[in-house]
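Number of protein chains: 2
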Amino acid sequence: MPSIGIVAPQSMHFAPPLSLQSGATIADYTLVYETYGTLNAARSNAVLVCHALNASHHVAGTYVDASGKSDPKTLGWWDNMVGPGKPLDTDRFFVIGVNNLGSCFGSTGPMHVDAATGKPYGAGFPVVTVEDWVEAQARLADALGIAQFAAVMGGSLGGMQAMAWSMLYPDRLRHCIVVASTPKLSAQNIAFNDVARQAILTDPEYHGGDFYAHGVVPKNGLRVARMVGHITYLSDHDMAQKFGRDLRSGDYQFSYGVDFEIESYLRYQGDKFSEYFDANTYLLITKALDYFDPARAFAGDLTRAMASTRAQFLVVSFCTDWRFAPARSREIVQALVNNRRRVTYAEIDAPHGHDAFLLEDARYMKTMRAYYEHVWAELGADPAHSAHSVHPAPAVQTDLEARAA
Amino acid sequence: MPSIGIVAPQSMHFAPPLSLQSGATIADYTLVYETYGTLNAARSNAVLVCHALNASHHVAGTYVDASGKSDPKTLGWWDNMVGPGKPLDTDRFFVIGVNNLGSCFGSTGPMHVDAATGKPYGAGFPVVTVEDWVEAQARLADALGIAQFAAVMGGSLGGMQAMAWSMLYPDRLRHCIVVASTPKLSAQNIAFNDVARQAILTDPEYHGGDFYAHGVVPKNGLRVARMVGHITYLSDHDMAQKFGRDLRSGDYQFSYGVDFEIESYLRYQGDKFSEYFDANTYLLITKALDYFDPARAFAGDLTRAMASTRAQFLVVSFCTDWRFAPARSREIVQALVNNRRRVTYAEIDAPHGHDAFLLEDARYMKTMRAYYEHVWAELGADPAHSAHSVHPAPAVQTDLEARAA
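Residue numbers (numbering that gives the first Met the number 0), protein chains in the order written: chain A, 0 to 404; chain B, 0 to 404.
Derived by calculation from the structure, the hints in this document are not laboratory data.
A couple of the hints might just be wrong.
Each pair may be met inside one copy or between any two copies, as identical chains are not told apart.
[What the hints assert, rightly or not] Once the Cα atoms are required to be at most 20 angstroms apart in a straight line, the calculated DMTMM-like pairs of lysine to aspartate or glutamate come out as:
| no. | residue 1 | residue 2 |
| --- | --- | --- |
| 1 | Lys118 | Glu204 |
| 2 | Lys365 | Asp78 |
| 3 | Lys271 | Glu204 |
| 4 | Lys241 | Asp292 |
| 5 | Lys271 | Glu260 |
| 6 | Lys271 | Asp70 |
| 7 | Lys72 | Asp270 |
Could you build the full structure based on these sequences and the hints that come with them?
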């Protein structure tokens, strides 16, 4: 299926200060975003796609190279999901990808100059939360004239943003699509994030976050951070299938170079990442992950936390995802069922672990396509349709209930 | 139950060169070891306890402090298992703990001077394997006049040594006790080890392994290595129970200091480790783990690899151990059953993950005690008993068979 083709990022500046959950304020900021498809007259067909840790606003399509031709190496991170004829069909929907505050891909972040000091923010960039991102995104939606999204959608950390939208702005989305996500990180999830952060923070080239001024980058720390992260994105089984104990050179080297293919692969991933990702952004985003816990304000009760939601939900998890396992998604589904919200839950038996949400899988794509057909049919049937009202009908039976039965 | 009390290490020098699997040779070496209990006249009651990654010959008892009194902080790493009246009862058995070659706890290792250069071995210490360790241990057994052990026993990497003994010297052990181990590391296991190694190797204070000469230690690398390792030793569930999302100061700090108790715990473990463990030893031992794969010489067929064994086996795994999961132990059991060897298999429902093999658990301790009763009864019934002959009787039905049935 063809990609949407050549796309280009846009940006928007926001002058009013943004108050953050930490109590800090960002005086003004810029968000970089991309849009695909056409906003309809009713402004009812917009879908916001939220990105995860190392992704960006560049969801679909390609950029042009120096000679003005499409550069296939620049394909968007969810191009298999978003485009003409794809599950999220840009012939029907107006899709927005937005780069989050604190990122290193264009929106205001640690690499940018803090007007207050005249120097890059560095580690001084305020720690932002998932909810802060949603506030910033809501202003973009305001500016684009979108009062209500047909859907807000995301995988992993992106799914957290979709969840936060459903709780903070219940009337601004009709559907909430949460893929491979969790209502909060476990101790083990936090532990892995902290190992990554410690690798960066203790790299001498980090210079307390001020490495830009020193003309260096804490590559070693970033590299280790990415390596440990990457292990948690893949399933044990998939790693065994792809790499097993395959040796690079056919025999043990009895040295500390590369013996196993898996070492070569991980080091390559780490090297690549350390060349394009900003260390302060990495710290920042892992903190946003750690802090996300909407039930926290409700004494840990996710059902109460999600009582404010009005959207219909699609929740998707992957059997081999041990980072955010299906049990974590089932907590979300259970809280929604407890609130008598409409929720569809799919647990996909894909082998690729957490990364499955980014990959081709026939059952996964079919599920997403079917759900967007539903979103579209609803729009077509009643363009003025609103999901503001609580659905008094019993929730659709979910896999969770079927299992419990 | 009381500890065996005050103990003291001994050491033995071995002048004949040791040929290693890598093709390298160690000209001469010293092994540090401890013994508990008394070797009987028949020299038939000796049990060798093999250690894992960060342990040593100091299995049980305490050392004296400066004032000559028992120092409780120096309690041996398996004191709950080994001692008078303990599962491995030192009133019955003569127990030997031996520090492996390449360690940083006394036996010849990277911190020692290489006579050939007059400088510390550093990263130049040859990469040793589990099988090399067994060869070195066999020489110690020779020197102590022990032709055959009542049992060779170990957990994790120690279990690999016990397995290697059973294959390399089938006539030199009557029982082989393999706890929380695996016949080979998975790609994921290797990946975690390589992250740890990369953290050390890329620490500028590592100086290519020559950090002794620089008067520094690659603490940051060791610290991250230990943190990532430690996560794999604990179960997700146990971490959730012990730490969950508990906050150190009651609220989010919005900084990169400590927010969660799990961060504080892991950083503390990392700090402590980096103060006593040698970086070159860490590299070396993780390589020994990665390389262990007895089936490799038999086209991956573990049954053929274990056909040389003559010992009776006890294999123990822990349900929540995701580092070396029960499925890995069942591979060992299956290979033994295929060879019609006597094997007892216990899968313990303990919550503590891989670390469970070092911890108190009533069912685990009962299993170990019962097995050593069996070892002891056999010794008493027939001191001249030998397990050299193949057991033609059907193997004891194992849990594995029961599950398969």
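> Out of the numbered hints, which ones does the structure contradict?
Replying inline: Hint check: nothing fails, all pass.
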